[in-house]
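Protein chains in written order, with our numbering: chain A, 299 to 565; chain B, 299 to 565; chain C, 299 to 565.
Please keep in mind that the hints were generated in silico from the structure rather than gathered at the bench.
Be aware that one or more of the hints could be misleading.
In this list, chains with the same sequence are indistinguishable; a pair is considered to hold if it fits within one copy or across any two.
[Said to hold, decoys possible] Heads up, simulated BS3-like pairs for lysine-lysine below, C-alpha to C-alpha not over 25 Å straight-line:
1) Lys-383 - Lys-489
2) Lys-532 - Lys-489
3) Lys-407 - Lys-453
4) Lys-530 - Lys-305
5) Lys-489 - Lys-313
6) Lys-489 - Lys-456
7) Lys-456 - Lys-313
8) Lys-383 - Lys-456
9) Lys-530 - Lys-489
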Amino acid sequence: MLTASIKNLFAKVRKTEPLIHHLTNTVTINDCANVTLAIGGSPVMATSIQEVANMVQLANALVINFGTIDDEMYEAMLVAGKAAKNRGIPIVFDPVGVGATPFRTNRAKEFIEQVNVSIVRGNASEVYALIGGKAQTRGVDAGDVAISKTELAVKAAKELAAIVVISGEQDVVSDGTNTVCIRNGDVWLTKITGTGCTTASLIACFAAVTDDWFKAAIAGMSVMSLAGELAKKKLKDNDGIGTYRVKLMDEIFLMDGERWEEGVRLS
Amino acid sequence: MLTASIKNLFAKVRKTEPLIHHLTNTVTINDCANVTLAIGGSPVMATSIQEVANMVQLANALVINFGTIDDEMYEAMLVAGKAAKNRGIPIVFDPVGVGATPFRTNRAKEFIEQVNVSIVRGNASEVYALIGGKAQTRGVDAGDVAISKTELAVKAAKELAAIVVISGEQDVVSDGTNTVCIRNGDVWLTKITGTGCTTASLIACFAAVTDDWFKAAIAGMSVMSLAGELAKKKLKDNDGIGTYRVKLMDEIFLMDGERWEEGVRLS
Amino acid sequence: MLTASIKNLFAKVRKTEPLIHHLTNTVTINDCANVTLAIGGSPVMATSIQEVANMVQLANALVINFGTIDDEMYEAMLVAGKAAKNRGIPIVFDPVGVGATPFRTNRAKEFIEQVNVSIVRGNASEVYALIGGKAQTRGVDAGDVAISKTELAVKAAKELAAIVVISGEQDVVSDGTNTVCIRNGDVWLTKITGTGCTTASLIACFAAVTDDWFKAAIAGMSVMSLAGELAKKKLKDNDGIGTYRVKLMDEIFLMDGERWEEGVRLS
Numbered sequence: 299m300l301t302a303s304i305k306n307l308f309a310k311v312r313k314t315e316p317l318i319h320h321l322t323n324t325v326t327i328n329d330c331a332n333v334t335l336a337i338g339g340s341p342v343m344a345t346s347i348q349e350v351a352n353m354v355q356l357a358n359a360l361v362i363n364f365g366t367i368d369d370e371m372y373e374a375m376l377v378a379g380k381a382a383k384n385r386g387i388p389i390v391f392d393p394v395g396v397g398a399t400p401f402r403t404n405r406a407k408e409f410i411e412q413v414n415v416s417i418v419r420g421n422a423s424e425v426y427a428l429i430g431g432k433a434q435t436r437g438v439d440a441g442d443v444a445i446s447k448t449e450l451a452v453k454a455a456k457e458l459a460a461i462v463v464i465s466g467e468q469d470v471v472s473d474g475t476n477t478v479c480i481r482n483g484d485v486w487l488t489k490i491t492g493t494g495c496t497t498a499s500l501i502a503c504f505a506a507v508t509d510d511w512f513k514a515a516i517a518g519m520s521v522m523s524l525a526g527e528l529a530k531k532k533l534k535d536n537d538g539i540g541t542y543r544v545k546l547m548d549e550i551f552l553m554d555g556e557r558w559e560e561g562v563r564l565s
Numbered sequence: 299m300l301t302a303s304i305k306n307l308f309a310k311v312r313k314t315e316p317l318i319h320h321l322t323n324t325v326t327i328n329d330c331a332n333v334t335l336a337i338g339g340s341p342v343m344a345t346s347i348q349e350v351a352n353m354v355q356l357a358n359a360l361v362i363n364f365g366t367i368d369d370e371m372y373e374a375m376l377v378a379g380k381a382a383k384n385r386g387i388p389i390v391f392d393p394v395g396v397g398a399t400p401f402r403t404n405r406a407k408e409f410i411e412q413v414n415v416s417i418v419r420g421n422a423s424e425v426y427a428l429i430g431g432k433a434q435t436r437g438v439d440a441g442d443v444a445i446s447k448t449e450l451a452v453k454a455a456k457e458l459a460a461i462v463v464i465s466g467e468q469d470v471v472s473d474g475t476n477t478v479c480i481r482n483g484d485v486w487l488t489k490i491t492g493t494g495c496t497t498a499s500l501i502a503c504f505a506a507v508t509d510d511w512f513k514a515a516i517a518g519m520s521v522m523s524l525a526g527e528l529a530k531k532k533l534k535d536n537d538g539i540g541t542y543r544v545k546l547m548d549e550i551f552l553m554d555g556e557r558w559e560e561g562v563r564l565s
Numbered sequence: 299m300l301t302a303s304i305k306n307l308f309a310k311v312r313k314t315e316p317l318i319h320h321l322t323n324t325v326t327i328n329d330c331a332n333v334t335l336a337i338g339g340s341p342v343m344a345t346s347i348q349e350v351a352n353m354v355q356l357a358n359a360l361v362i363n364f365g366t367i368d369d370e371m372y373e374a375m376l377v378a379g380k381a382a383k384n385r386g387i388p389i390v391f392d393p394v395g396v397g398a399t400p401f402r403t404n405r406a407k408e409f410i411e412q413v414n415v416s417i418v419r420g421n422a423s424e425v426y427a428l429i430g431g432k433a434q435t436r437g438v439d440a441g442d443v444a445i446s447k448t449e450l451a452v453k454a455a456k457e458l459a460a461i462v463v464i465s466g467e468q469d470v471v472s473d474g475t476n477t478v479c480i481r482n483g484d485v486w487l488t489k490i491t492g493t494g495c496t497t498a499s500l501i502a503c504f505a506a507v508t509d510d511w512f513k514a515a516i517a518g519m520s521v522m523s524l525a526g527e528l529a530k531k532k533l534k535d536n537d538g539i540g541t542y543r544v545k546l547m548d549e550i551f552l553m554d555g556e557r558w559e560e561g562v563r564l565s
């Protein structure tokens, strides 16, 4: 059963402490490191093109995030991505801001062509832009897209030959054949930066400890949405996003198979 | 009346969610993103010279912060600044550390010459160095300057043809003709990093929703100083700057026209 | 007496507010700035090769951290390091991830050859790799090493002609002749990112106000370990690493000679 097998992944992450190599943006890099630690992984963030291939040899999963890419970072991402592909470790790709500028969109498409990414996590307009849809991502926020999120996830999963995770009010995860909807979350997850980026880190932690990356994607995405829900419940009057962010990190740290099973709503 | 018209800007920011493009430093970039979200804006931090001009086309204001500039970042700032100038969106310039090294001071002067910045926000010695004063900025902290802060703000506003905001125990905002002093704040705002940088983000959010950038500058600066004051009141015995920083973010998030009007002290 | 003379350093840091120039990684750069402020120093993080030598002229100590180095950053570190050496200010070197990739290990050895670093702070496998030991640093986490931590600290201090600080369950500080063990700490210090990096900032603050860098190293290292212990005691049920991180910053801010003397366990 889906929930039972995902439930077991939590202890596996905490026991094996998978090393998650990130090439990510400068905005939320600290959050990515702390969230990786909170769920039980070990983060490393080396970015020099001179060492990324070597670092990937030690890693159990790779996260590629386009938040603040430039040419130099992109070249290093290609090297790291190819090394990860050769090793067969999962590659989680976060196409931040794709659809906002041609530079971002073109590089993202090229990256997917050159590196078979395992899992793509983005918002609807980012994913839509990835498969050639005319979406206008507004900076790093989702814009409107012409098809439903579920349709989009299925279509993108097929076209990109990857697990696709679309974050939103409800999250959708699809491998092209199977599709799951996660009915957890809180609107305040959109009021702090980095909840998307760190979801990619969570997914990578789970993907590092199972061959079933579809389940890993559901696990990582739902941990964030559920933790966001639980953190909100802990707030008192006059708490704002400062306190929310602290409680969110607490909830990710406290999450285990039991808590997850009790709170998650999949369909 | 000044306070009445500023009061109305809060709801306008939260309603329109202006997109604030930042080219900023790696130290406080996460804080800038979260503060932008907390007041109701939407942050984007793309830095590649290949896309900044495109990103500016989507943006409602631009923040340029010199905290950790190098040649590559500076070139991208020039491109973004010129694009913003052409579009007529407000440009908030934060001359972090200007006066500390010739590199920083020269680049800042050159930047202002090439890009008509709308609003300059700095501490006294940074602003003094910008207009050719012999101030020794100590790293990123204010050094002594030879004239009063009010005189300096007026003089700098005239010479730079910009709104000038000088942060300090009391903050001064001048457009060269009109000058306002903000009598809010707390000394602990100097005990955490990023309260200056994030003030520039706040100013940009307000400047994005009004043509009166003088009022926007007062709004943004006073939100930080007032939030810093309110956050301090929420602390318990044995709380330190860790908790203060969390409460400060809460207070910015909770700030609206009513709270602001009740607490702000302008003269 | 050792504790008495270290005790006096706290007030000296808060009184003189030493300027600590950092060339550090993008993951924990914000934490380094805030921890420097929390103990009473003033952080600056300029990285351009065009200005680092000038910034060092204003600084009272220099921190070099290899977390996310690339060629450009490394060149700037060499320039800053040589300038600091010429001025005679203390240089704290944090060889993050050394032992994980040849790039990192080779650059670290070269750096030490070219710049006499004053104090090295790392985990056991990083320090072991620095002196040519066959340690496999796992990303940025300590791997196993063949000798005891105390032996390693003494040997490394002699070979590197520097004070050596090895963080771990117990911390060891050695100048090659004198060796001190710090019996404070909490395992949760390993569950958040940046407690190593920020320890280097603390050490730099103390080294900036005394000629006895051995004592400064003990002071900085023990502040982190003791603060980590005290922060843990402040947690309530269901608090996690989000809250812990906030309390840790509070405890560093609240630390003074008296609190330190009361809590520290040296041997």
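Hints and how they fare:
no.	hint	result
1	Lys-383 - Lys-489	neither (34 Å within a copy, 29 Å between copies)
2	Lys-532 - Lys-489	both (17 Å within a copy, 22 Å between copies)
3	Lys-407 - Lys-453	within (15 Å within a copy, 51 Å between copies)
4	Lys-530 - Lys-305	within (23 Å within a copy, 29 Å between copies)
5	Lys-489 - Lys-313	between (33 Å within a copy, 14 Å between copies)
6	Lys-489 - Lys-456	neither (31 Å within a copy, 38 Å between copies)
7	Lys-456 - Lys-313	neither (33 Å within a copy, 37 Å between copies)
8	Lys-383 - Lys-456	within (19 Å within a copy, 43 Å between copies)
9	Lys-530 - Lys-489	both (12 Å within a copy, 23 Å between copies)
Hint compliance for this structure: hints 1, 6 and 7 are broken, all remaining hints hold.
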